[in-house]
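Asker: Line by line, the protein sequences give chains A and B.
Heads up: the first sequence at position 317 corresponds to 317 in the numbering used here, and the numbers run straight through without jumps.
Each number in the numbering used here corresponds to the 1-based position in the second sequence with 1000 added.
Take these hints with a grain of salt, some might be off.
[To be verified] Some chain A residues close to chain B (C-beta under 8 angstroms, calculated; not the full set):
{"id": "1", "residue": "Ile34"}
{"id": "2", "residue": "Asp204"}
{"id": "3", "residue": "Val232"}
{"id": "4", "residue": "Thr237"}
{"id": "5", "residue": "Gln269"}
{"id": "6", "residue": "Gln272"}
{"id": "7", "residue": "Gly274"}
[What the hints assert, rightly or not] Rough simulated footprint, nothing fancy, chain B against chain A, three-plus residues with beta-carbon under 8 angstroms:
{"id": "8", "segment": "49-62"}
{"id": "9", "segment": "243-252"}
{"id": "10", "segment": "289-302"}
By construction, these hints were calculated from the structure, which means they are not laboratory data.
Where is the CB? At the ideal position from N, CA and C, for every residue including glycine.
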Amino acid sequence: MKFDRRQILLGSAGAAAGLMLPASAAWAQTPASIGTFPDGVTADSVFVGLTIPLTGVFSGDGGDLKLGYELAIAQINAGSDAAKTWGLQGKGVLGRQIRYKVSDTEGKPNLDVQSATQFIQRDKAIMVSGSVSSASAIALEELGSREKVLYMVGIAGSNDITGKNCQRYGFRSQQNAYMAAKALAPVVAKALGKNMKTAFLVPDYTYGHTVYDSFAKFSKEQGWQQVAKEVVPLGTTDYSSALLNIANSGADVFVNIAFGADAVASTKQAEQFGVLKRMKLVVPNLSSFQDKELGAEIMQGVYGSCDFWWTLSDRYPLAKGFVDAFVAQNKYHPRWGAHIGYMQTYLWALTVERVKSFNPVEIIKAMEASKDAPYETTIGKVYFRAEDHQMVRPIPILRGKAPAEMKGPEDYYEIVDVAEGESVMNPPDQFGCKLGPYI
Amino acid sequence: MPSWPALASQAFNGLALGSLLALVSSGLTIILGTLGVLNFAHGALFAVGAYAAFVMLQYTQSFLLAIAVGCGFMLVLGFLLERLIIRFFYGRPHEDQILVTYGIGIVLVECVRATFGGNAQRVPTPSWGQGATQLGFLIYPTYRLQLIAIIATLLVGLYLVLYRTSMGLVVRAGIENPGMVGILGINLRRTFLLVFAIGVVAVGLAGMLYAPVVAVTPDMGANFMAQSFVVIVLGGLGSFPGAVIGGLIAGEIVSLTSAFNSSYSEVMLYALMALLLVLRPQGLFGSEGRV
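Sequences and hints are given; from them, build the entire structure.
Answerer: This is the structure we're talking about:
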């Protein structure tokens, strides 16, 4: 007798209803085989697929991200002192070396999906990580949930990732747009004044729109009034027409939401249009190398939030270990990207060792329960929220230093505040998150 | 509805933007119009030009000197590409030309990335172009104003070379009837070599002049290549005056649309191109079957 998939699903639903199984009972079941587990776990190694834009608008951030992953993997595989300080035991993860491949995805979601699919099907990737664009992260977490393979989000700030597009198999350590805006707005309002007029430059994709929504909301609460909003395509090279409108808007503050090379080009051109002379610059999320690529002359006085700035090593011992090791290996100070790659790899490895299994369902459940057993990390104690998989974490608020204030060639920012994570979180259901099934 | 001063400001900006697009597209159209080669390495050569300015600026500390040396470099690069690769593809189908030039583009961009990394490089605005100038109804970056004059001069110079010199005459005759030109004892190979190199210098020079304005990254040329193709489709494939007028029209479309809603500016550009392809497939200045 043959059953089709629909009959089996209906039958299962009926049986579950008949037995009046509580939801928690179904939740507790962990299949012995799911996604690439256990096929992707050999006696001595596991494979991790990294989808990173090494070319295109986000190549700067992507290159940094890659170095962060590579440092963490090297430390974990070697069973280094750094790995032990994080709490890992022995060489590798559960005695398995991490093998990995990096795919250049150009920041294009279709290439991200194509690469990740190959990693999963060909290499039996036990975990996928990467992305700089929020659009890529959304595509990858959907793929992860479909294939039942864990996806640790790279750089991606859109609210949708842990909102309406959230997925059971995706976890984000970076702050979302809401958290960044809620942390940043009071600090800039205190520094620049209340009742300011704002002009926004918004890149036309999920990241740009959600960052705009969040910062507009929280800056309005500070008494700021929007007088211009220019929406521009991702990858725009010449911003002159949008900047002309901003220059003539009478705004006091220029809020530039563009990211990566777009942030560099638009800020450079804003300076040439005289916008930065007449307006204060606020960048809700500072790109990895915006400081170096634009220089302190332009970036002085800018306010923005960041996932990580290297002087946090004064506050957190693990951050010091990370920064020192990274500088020794790569001859520059790690930025936002490197930190995310580094931390996400360690968080995954730590969780695997906590549950003593590479089974993604067990890892997901452990991450969802991390509020009761927070991780000690490079930014202090953090945990993933069970309802939407957004990390509850502190958020550094930075101010660009003037050239004369810099104590070294990469001393671009002063950390003016570190917002406490719990205080800036959105309600878990605010952006429509409905995590899918485990199995 | 935007105010009249806002519209006038955007119309002026469209002129500036259009002149830049015209210069960027001129190299593409010169090579296509005279040699019949679709140069898909155009964007990469634009980036190479910008990096040439960046490197030369480190050594010379003078923007003008950096551009002069950079042009020399682009000329040599153009000669090498033509002699070593392109000349074997003059008689080949467009598909082959696209593949080989696309490949050249990838190699050039990756060489740049391997040498300089993926981060944006800083090319400061030259000292004589810094600040903004008050123009009555708007404040406009001084360097961009100077660029309009520089580009206008360059485009007139290119036009004179191609249409008012004996070399230009040979080039145009060579396109129409290469056999006859050869019978007359004229060395077409040398002329074609020179034309290709001029096209490379033109796009490289556009990259150099634009370097202080945009983010100088290995992939910076990709967007410009797409826009260049729109411009030469508008103006007519292979037509030099078409590239100039097409560039100005494209600049005005982008800029004036921004006065209403900047998110539609690129959409309008491509919509116009699609409309023109339906109504006048050969473009404004092109002739049917020319290329």
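Asker: Now tell me, hint by hint, if it's right for this structure.
Answerer: The hints, checked one at a time:
Look at Ile34 (chain A): its Cβ only gets to about 37 angstroms from chain B, farther than 8 angstroms, so that hint breaks. Hint status for Asp204 (chain A): holds, given a least beta-carbon distance of 5 angstroms to chain B, under 8 angstroms. Checking Val232 (chain A) against chain B: minimum C-beta separation of about 6 angstroms stays under 8 angstroms; hint holds. Interface restraint check: Thr237 (chain A) against chain B, minimum CB-CB distance 5 angstroms, threshold 8 angstroms, status holds.
A hinted interface residue such as Gln269 (chain A) counts as satisfied when its beta carbon comes closer than 8 angstroms to some beta carbon of chain B; here the least separation is about 6 angstroms, so the hint holds. This hint holds: Gln272 (chain A) has a C-beta 4 angstroms from the nearest C-beta of chain B, less than the 8 angstroms allowed. Hint status for Gly274 (chain A) relative to chain B: holds, with the closest Cβ pair at about 4 angstroms, below 8 angstroms. Chain B is given as covering the segment 49-62 of chain A, and this holds because 7 residues of the stretch bring a CB closer than 8 angstroms to a CB of that chain, at least three being needed.
By the rule of at least three residues with a Cβ nearer than 8 angstroms to a Cβ of chain B, the coverage given for the segment 243-252 of chain A holds, with 4 such residues. Coverage of a stretch by a chain is defined here by at least three residues with a beta carbon nearer than 8 angstroms to that chain's beta carbons; for the segment 289-302 of chain A and chain B the count is 5, and the condition holds.
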